[in-house]
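Per my numbering, the very first residue in the sequence shown carries number 8; after that it's consecutive.
It should be emphasised that the hints constitute simulated quantities derived from the structure, not laboratory data. Please note that a few of the clues may not be correct.
Claimed, not checked - Derived Cβ-Cβ restraints for the label pairs, each shown as a range: (1) ALA213 with PRO167: 34 to 42 Å; (2) SER269 with SER57: 35 to 43 Å; (3) VAL223 with GLY157: 18 to 26 Å.
Note that the Cβ used here is the ideal one computed from N, Cα and C, for glycine as well.
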Amino acid sequence: MMSAPWKPRLPHDDHPEFNRRNKLAFKIDHELPPTNQEHDDTVDLTCIESDLQQYLHLVDGLNDVRATLPRQNTPFQTWMWKHACLNQPTDPTEPYSLEFYLDTERGMVVFAMACVCALQAEQRSSVPLLDDDTSSSSTIVKDTWRRAAGLFHEATARLPPSSPLHPFLHIWVQLCVVHAHAVEMHHVQAGLDTTSHVQLARYESAISRGGHSACVAAQSFVAHMSSPTSTTTCQQMRWLVLVYKTLCKASYCMSEVVLYESKHPGWDDINSPNRLAYTLCFVYFTPIWT
8 MMSAPWKPRL PHDDHPEFNR RNKLAFKIDH ELPPTNQEHD DTVDLTCIES
58 DLQQYLHLVD GLNDVRATLP RQNTPFQTWM WKHACLNQPT DPTEPYSLEF
108 YLDTERGMVV FAMACVCALQ AEQRSSVPLL DDDTSSSSTI VKDTWRRAAG
158 LFHEATARLP PSSPLHPFLH IWVQLCVVHA HAVEMHHVQA GLDTTSHVQL
208 ARYESAISRG GHSACVAAQS FVAHMSSPTS TTTCQQMRWL VLVYKTLCKA
258 SYCMSEVVLY ESKHPGWDDI NSPNRLAYTL CFVYFTPIWT
């Protein structure tokens, strides 16, 4: 998730502010290298998050300064960004406006913050929970996933409309929502006793429907991923959305079967051909999934 290109440099990269930027980019590459595909729960993400937040404040300050300047071709207004990774012009000598640079820079910083937040949620999900801490810990993890979704959404608002990252960001917004739903479902399952299977099925049915709706929303952005340089990533995202959607659908269908059987006790025999027929019909023909 942290493998998005974010390495453009301004011509005046010896300035203290840009030295800070380059050090931050180096820290991200060192702590979270794109080639490392394994989860490392020992990485301290808090420092990276703090550095990103400080740098975002710096860029926001530059944007405030830019807004106060007269709109003319002053050296500050025509700051060039020749090594941009996004929307590289055909003519490499064409200057980028400072406005475009700041919009892209702010969006990419928020994007990085969203990725770090999602990784924090994964880290917290992998920590063993004590019985008396289950409720508070689940709430923290769920809120972290929701915060990540909010940051991905904020990145879409900050990046220029022409950025090719928009479909990916919209998809990650919805996938983070699905993760939050999954944490909520796990919390409900852990909090109810085995005799409350009907009540549990009601919760799971509602939560699964919410997760499926998020997957449908994510799927609407899959078709917009057409960057030739991200073919593998596009395919992975398509499969990921499809898997999430299938799991949500399966969870919903199983919950609805339990609820139906609670109202029709004669259907509780697992070997009953009626149950099998009903389950298959429900899975393939229930109208809310169309």
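Verification of the hints:
no. : hint                           : verdict
1   : ALA213 with PRO167: 34 to 42 Å : holds (38 Å)
2   : SER269 with SER57: 35 to 43 Å  : violated (50 Å)
3   : VAL223 with GLY157: 18 to 26 Å : holds (20 Å)
This entry does not satisfy hint 2, going by the numbered hints stated previously; all others are met.
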